[in-house]
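Using the hints provided, position chain B relative to the given structure of chain A.
Chains as they are written, first to last, in this note's numbering: chain A, 24 to 454; chain B, 24 to 454.
Don't read these hints as lab results, they were simulated from the structure.
On a predicted model such as this, the values are computed, not experimentally measured, just so you know.
Using N, Cα and C, we set each Cβ at its ideal position, and we do this for glycine too.
Incorrect hints may have been included.
Covered stretches of chain B, going by a simulated chain A footprint (3 or more residues, C-beta under 8 angstroms) [what the hints assert, rightly or not]: (1) 47–57; (2) 139–153; (3) 303–313; (4) 389–402; (5) 420–428; (6) 433–443.
DSBU-like cross-link-like pairs, simulated, lysine-lysine; straight-line CA separation at most 30 angstroms [said to hold, decoys possible]: (7) B:Lys222 to A:Lys222; (8) B:Lys450 to A:Lys286; (9) B:Lys256 to A:Lys222; (10) B:Lys222 to A:Lys240; (11) A:Lys240 to B:Lys450; (12) A:Lys256 to B:Lys450; (13) A:Lys305 to B:Lys450.
Protein chains: 2
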Amino acid sequence: MKAVAALSPEEIHEAVFTMGRQARTAARALAILSSDQKNAILHAMAAELREQSAEILMGNAKDLAAAEENGLTSAMLDRLRLDEDRLEVVAGGVEQVAELADPVGDILDERSRPNGIRIQQIRVPIGVIGIIYESRPNVTSDAAVLCLKSGNATILRGGSEAIHSNRAIALALQGGGEKEGLPPYSIQLVPFVDRESVKEMASMDDYLDLIIPRGGKGLIETVVSLARMPVIKHYDGICHVFVDEAADQEMALEITVDAKTQKPSVCNALETLLVHEAVADKFLPALAERLAARQVELRGCPKTQAVLGDQVVAASEEDWGTEYLDYILAIKVVSSGEEAVAHINRHGSQHTDCIVTRDEANAERFLREVDSACVFHNVSTRFSDGEEFGFGAEIGISTDKLHARGPMALRELTSYQYRVRGSGQVKDSPR
Amino acid sequence: MKAVAALSPEEIHEAVFTMGRQARTAARALAILSSDQKNAILHAMAAELREQSAEILMGNAKDLAAAEENGLTSAMLDRLRLDEDRLEVVAGGVEQVAELADPVGDILDERSRPNGIRIQQIRVPIGVIGIIYESRPNVTSDAAVLCLKSGNATILRGGSEAIHSNRAIALALQGGGEKEGLPPYSIQLVPFVDRESVKEMASMDDYLDLIIPRGGKGLIETVVSLARMPVIKHYDGICHVFVDEAADQEMALEITVDAKTQKPSVCNALETLLVHEAVADKFLPALAERLAARQVELRGCPKTQAVLGDQVVAASEEDWGTEYLDYILAIKVVSSGEEAVAHINRHGSQHTDCIVTRDEANAERFLREVDSACVFHNVSTRFSDGEEFGFGAEIGISTDKLHARGPMALRELTSYQYRVRGSGQVKDSPR
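Just chain A, same shape as in the assembly (with noise of 0.2 angstroms):
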């Protein structure tokens, strides 16, 4: 392989369509694979990568050194950073999608028809998923046997700064899986970092049947304005928690808290808290509290104001639609449920949630009126996940509505295949 500076646009055209030639083979030999042949290869490349971990580590030095010598943040540094125990995390990841249950083959509908024809609606893979992701090495064995367990080929297109992270540890990933006979090319990883490489991936609908985009906005409005096939997204989470008048206050000050603090920089965390005028005056005394002891800057309307003075700064229009994964709050009083729901409905991002509330019918209102992947009653918005929810590992939280809403995990990788079996049937002389 020539270095990057010497690829021109038609080798990097050349090479990444041969990956996807390749991975097409690969996903059909993929998708008749039993579990239990899938469970044997996820195991050996779980050894692989204990087995490999000197040089997988030796790689992601050589990354932390360039990162340094380039200027990352030390957050950015501790994205990259991968040491044994992380490693470990890593395998031990891989073991437990292994104990998963296989989605595929599923059968999702059944019907017989009156003219004696019989409909199964089955769970297939996909095909060929793309991934394009920035600093996190430890996506590339995340997404890849997720994909590989739901009987998906991938091609993986990591960040330039995780590049010998990334190639040492699907070079595992693959070598491994192939001892218990994993079809060559079912993970790929694009060897070089030019830009050109996403365009080209973004083109090849022939080839890549789903574009996965895990990163920041910008990587993700790149990724949705070139591609020609299906992108899922997974964008901001801004998270909302209301208050209702009928709430039980001690519970509501603890989903607040937590929705708040308990790890601000995910996307299920809570960023907008609403709260029923009629009882704004006896609780946003008792949270703001709770949260001055945890740091939290609160950025309240007027109504939040005149009840907290300068306990809170004014909130600008801005910062209704604002993901701020950190410890700042905005609050805003609402008249009622409907100006809840609209708030929601007109700010949110769609992702996830919260009506606390002793109300049955106010809670049932809510679930149904915002439009948001998760809406949740009386439980904390951190409580958005495909782990929490029983799926397994998850890919991501998806904020799109086509395919995959909210946490999408095994299931959502596949997609389903009509198996009609008869006995002749025609169309012209009915028998």
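Leaving out everything else, chain B in the frame of chain A:
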């Protein structure tokens, strides 16, 4: 509304985006209508279509006059033409949709977690669906009412040649529906036919959740290359029948003749026949005789030519990938089931493919290994159809693998939402 020529690109942008905003508001209202309300609306629409038949036929007469002036072919004129009988079919179709089960609110999955949270996965409408279609004015009604029954708002953009028919039909649907409480702007027709309007629709991913193009390959390609939101494609049907060595010869003849000739102009008609070499000498002459009686042109591989002589012309490589939609059949003799599967996966369009055989093992291998939306055993490909599958009316047959594959009816016009109920669960302090 100004005449088309007078609209600037900015005015078109503003008009289409205004429709988008209005549709989003309508969709929220539609999502919470009960099945009874929606059915009452559908019956009122059917009544209004009948009530307005004179206006609709007058609009259609205008379109037909313009089309004749523009020299459209008689086949195109026939697609465009409405009369009392055809309009009654359209109105009756609306009533049939009222009879179908409402998918909204169906519980797809339900589970409780060890921490006590209860998770329901519930069908909900998608939101706003754009339909971009060509000359048939009945699509205006057929598509809009399927979207309505599944709780979605629609923005319809029909072909210029049917604009007066489409306007009159859309007016009757919206007007009739409003008598029974249809939210305003639930069904909107783009009132001008500038090409710019397709571009604008494809760009407004804030307001359109999905676009379904219904028409030729050129139209679909244009939408795919422009669209920022998901597109569900209904591409060609290059359908195959494979006559296995263990086929019942009479059944294979009947299925082949039916699939090819019962209605050759549709996507589930047969285009390429594959015959196992062990039975080619016996099967092909019998088939040629039956097809000759129906004036079907045969294009064969060299082995087919060796058997049929001058009853067949030589097939070119291009024939294997052609959707004739006509009285033409491509024929290839293959030496094994594997070769048949490989041919179909390479040249087919993943629509509908059939094996005729008495051998169960051969059949099951074929069903599992052919990567098509519909795989049939001993059934004519002409049964690949939403109504034949028992789904009721269909909006098309998807050749995509994401979200909807194969016959696409009401269920496929829905998304889902997770509704989670708890008793104050938080991550920090387990309770």
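Here's how the hints hold up against the structure:
1. 47–57: This one holds; 3 residues, not fewer than the three required, reach chain A with a Cβ under 8 angstroms.
2. 139–153: holds (count 5)
3. 303–313: violated (count 0)
4. 389–402: holds (count 12)
5. 420–428: It holds, with 5 qualifying residues against the three required.
6. 433–443: holds (count 6)
7. B:Lys222 to A:Lys222: Holds: lysine 222 of chain B and lysine 222 of chain A sit about 21 angstroms apart, inside 30 angstroms.
8. B:Lys450 to A:Lys286: Between lysine 450 of chain B and lysine 286 of chain A the Cα gap is close to 10 angstroms, so the pair holds against 30 angstroms.
9. B:Lys256 to A:Lys222: 22 angstroms, holds
10. B:Lys222 to A:Lys240: 23 angstroms, holds
11. A:Lys240 to B:Lys450: Satisfied, since the Cα-Cα distance of roughly 27 angstroms is no more than 30 angstroms.
12. A:Lys256 to B:Lys450: 26 angstroms, holds
13. A:Lys305 to B:Lys450: 25 angstroms, holds
In the structure shown, a violation is registered for the earlier hint numbered 3 alone.
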